[in-house]
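Asks: This is what each chain is made of:
2 protein chains.
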Amino acid sequence: MHIRISRDEFYGGVGPIQAVVETKRSLPILSHLLLEASANHFSIFGTDLDVGVRKRLDAQVLKEGSIALSARKLYEIIRELPAASIEFTADADLTATITCGTTEFRMKGLPRDDFPSMREPKAAAIVLDRRLFRDMIRRTLFAVSSDQTRYTLNGVLFKVTQKDARMVATDGHRLAITTHDGDLVKDSGPVEAIIPRKAAAEALKLLKEEPGEVEIEIGENHLLLSSDQTLIDARLIEGQFPNYEQVIPTTATKQVTVSRDALLAGLRRTSTIIGERTTPTTVELKRGQLLLSCINLDLGEARERLDVEYEHEDMTIGFNARYILDFLSVVEAEQVTMHLQDPLSPALFRAKDDKRYTCVIMPMRI
Amino acid sequence: MHIRISRDEFYGGVGPIQAVVETKRSLPILSHLLLEASANHFSIFGTDLDVGVRKRLDAQVLKEGSIALSARKLYEIIRELPAASIEFTADADLTATITCGTTEFRMKGLPRDDFPSMREPKAAAIVLDRRLFRDMIRRTLFAVSSDQTRYTLNGVLFKVTQKDARMVATDGHRLAITTHDGDLVKDSGPVEAIIPRKAAAEALKLLKEEPGEVEIEIGENHLLLSSDQTLIDARLIEGQFPNYEQVIPTTATKQVTVSRDALLAGLRRTSTIIGERTTPTTVELKRGQLLLSCINLDLGEARERLDVEYEHEDMTIGFNARYILDFLSVVEAEQVTMHLQDPLSPALFRAKDDKRYTCVIMPMRI
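If you read the protein sequences in the order shown, they are chains A and B. Quick note: the first sequence, position 267, residue 267 per my numbering, numbers continuous. Quick note: the second sequence, position 158, residue 158 per my numbering, numbers continuous.
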């Protein structure tokens, strides 16, 4: 194997993929990256068996071949190289040589045969706008449950029909759901999959923010995402995602609209008083006013007054401020609206006049 | 107590001082900051009993008084406040109220009496240029020993005579010494003190980089540094700093001069191959050339070729690359010179043509 590649192109490939690989070294090969040069392209592949990522890089292939190298060491080496052309060779006895300017590295590798294989994409059933797909992940990922005993909640539900594409995540205390209309499915039949948290997070990191498309192929128990030169192969969560539609309140009678930035800043301030145990944050609504307060018996209390649009009767409700902050951090809107019923019913958070993204948050007793 | 202060001024005081205080909470009061308003000024004071820092801030004092507040919580609160004017009050039952715009915090505090006291500066014997003092710390701090059993090496020796001011640090494997000439001592008698690592590091952080002076008062077992509105009170290390002058080689016969940046980049690259155990880096000198190499039996090898000024016979010597990198990271010079004798004798590193800063590094067997 012999390739010529720019340092920046090599680094741009090794960096994100080395972050995916297994660091616990249960299997030594999983701490490696597979480098492969064929007639047409050079690619880097890394996997932890749950998520695999392959990226094709711009390189001049002078001789085909392959080798697996320590992901962390390769990353550290490429990072320190100057922005110049790299000659990379691997010989039959599995020694790789990296030459760049006045520097030369020799590294021992492992054979390609020891490396787990990656699925190849067939015909993708779904093609989505890449930024839309990224946004959908960003808007739901924070609500994924960390409770290992609730296995089906440890990922984001991704559901596509002829009518729309949606993602849903919940941890039982809050639920995030984002829906986009559009004729998205190429062939027949609706599809549904639970994408594990790590795969969704890696997709968010690896898929570029620039305009483009992502091709999505959902198999029996795996997902293939393909975009530009990047291929992500993720094992899906098996099982049934709970019936989430029943928890979305439809009878909220009180609306309050507030500046996203002001609510975010106010909640961040009142949250500074929260100690190690989660203290509820009280939201007190009066005509035209929202009062936030938080009391920590050990430490003190915090109060914040916001001007809002509110026309209904006075009401007081408690929340885990963290859940509202998570929503506010990802929603892109100047104004947000809370839809409330009573202090014990779930509240619904949305950008003002936008039903495509909803966060349902259970209140806390105060 | 009642003061009016800008958020940025308050934050600029709380931020650096809260970093000094005791977080292990062996004594609850040590996790607090003492806030004090007297007729003329408002000050914040924090200490871990080894290092104490007091800073006077610009504030309008409306009523004198004092209170001790949780350092971390106060910091988190002030950090989140908008850039506006803060009203701060503390009442007789030790409740502090912080009001800023639409936000109000109430925090419980502790009385001033529980707080350790700080020394007040008397007549400073030494006045140094502040940037010079900072530079001296920066050039020696990295060589301080972490070995708790070698107590007197756990700090930087600071020695001032009529002739010069110097700082020295060593961990037995390398030694850094920086000297500055000048008529620095106001009154009679040379002084000498071992400043503990933490105090030296805090001084580097707290003393501004801008032009100015630092007044230094060395007592029986403590040091007072005073500069602008900042006062640092540090307990000194007691004991005798070893006789360091004998390890500075005077018989080095071979000089090699090399670009600092090129040697730094080259060593960073060859160091990527070093594993968990410290592998020596080989420095091979030939006429006009320096070859760096590092071999890790588990992983591979790295080689780097540099153009240098070298006129002597060929020579090969091994070093812990980390020690050379530490020196190169702080020395301000385009060219550095290594003074060598033989592969077993200590080597001397300096900026080219500058004897005021020296790093002595013991070689490693290769």
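No lab work stands behind these hints: they were computed from the structure. Careful, some of the hints might be misleading.
Pairs count within a copy or across copies, as identical chains cannot be separated in the list.
Stated by the list, open to error - Taking lysine to aspartate or glutamate and the EDC-like style, the derived pairs with C-alpha atoms no more than 20 Å apart in a straight line are:
1) Lys-208 to Glu-332
2) Lys-122 to Glu-209
3) Lys-355 to Glu-215
4) Lys-108 to Glu-301
5) Lys-108 to Glu-276
6) Lys-24 to Glu-276
7) Lys-286 to Glu-104
8) Lys-24 to Asp-298
9) Lys-55 to Glu-284
10) Lys-108 to Asp-298
11) Lys-63 to Asp-48
12) Lys-63 to Glu-313
13) Lys-122 to Glu-64
14) Lys-163 to Glu-284
Asks: When no copy is specified for Lys-24 and Asp-298, does a C-alpha distance of 20 Å or less occur within a copy, between copies, both, or neither?
Replies: Answer is between: at 18 Å across copies they meet the 20 Å cutoff, but 40 Å inside does not.
Asks: Could you place Lys-286 and Glu-104 in one of the four classes (within, between, both, neither) given a Cα distance threshold of 20 Å?
Replies: between (71 Å within a copy, 18 Å between copies)
Asks: Can you give me the call for Lys-63 and Asp-48, within, between, both or neither, at a CA distance of at most 20 Å?
Replies: Result: close neither inside a copy nor across copies, 28 Å intra and 63 Å inter.
Asks: Treating 20 Å as the Cα threshold, decide for Lys-55 and Glu-284: within, between, both or neither.
Replies: neither (51 Å within a copy, 39 Å between copies)
Asks: Under a CA distance limit of 20 Å, which applies to Lys-108 and Asp-298: within one copy, between copies, both, or neither?
Replies: Answer is between: at 8 Å across copies they meet the 20 Å cutoff, but 58 Å inside does not.
Asks: Using 20 Å as the alpha carbon limit, work out where Lys-24 and Glu-276 are close: within a copy, between copies, both or neither.
Replies: between (30 Å within a copy, 16 Å between copies)
Asks: Should Lys-63 paired with Glu-313 be assigned to within, between, both, or neither, using CA atoms and 20 Å as the limit?
Replies: Neither. Shortest intra-copy (76 Å) and inter-copy (42 Å) distances fail the 20 Å Cα cut-off.
Asks: Can you tell me if Lys-108 and Glu-276 fall within 20 Å by alpha carbon in one copy, between copies, both or neither?
Replies: For Lys-108 and Glu-276, only the inter-copy Cα distance (17 Å) is at most 20 Å; the intra-copy one is 48 Å.
Asks: With 20 Å as the alpha-carbon cut-off, assign the pair Lys-355 and Glu-215 to within, between, both or neither.
Replies: Cα proximity of Lys-355 and Glu-215: none, with 26 Å in one copy and 64 Å across.
Asks: How would you classify Lys-163 and Glu-284 at a CA-CA limit of 20 Å: within, between, both, or neither?
Replies: neither (39 Å within a copy, 70 Å between copies)
Asks: Cα distance capped at 20 Å. Does Lys-208 pair with Glu-332 within a copy, between copies, both, or neither?
Replies: Answer is within; shortest intra-copy Cα gap is 19 Å, inter-copy 40 Å.
Asks: My question is about Lys-108 and Glu-301: at a cut-off of 20 Å on alpha-carbon distance, are they close within one copy, between copies, both, or neither?
Replies: between (60 Å within a copy, 9 Å between copies)
Against the hints set out earlier in the document, violations occur for numbers 2, 3, 9, 11, 12, 13 and 14.
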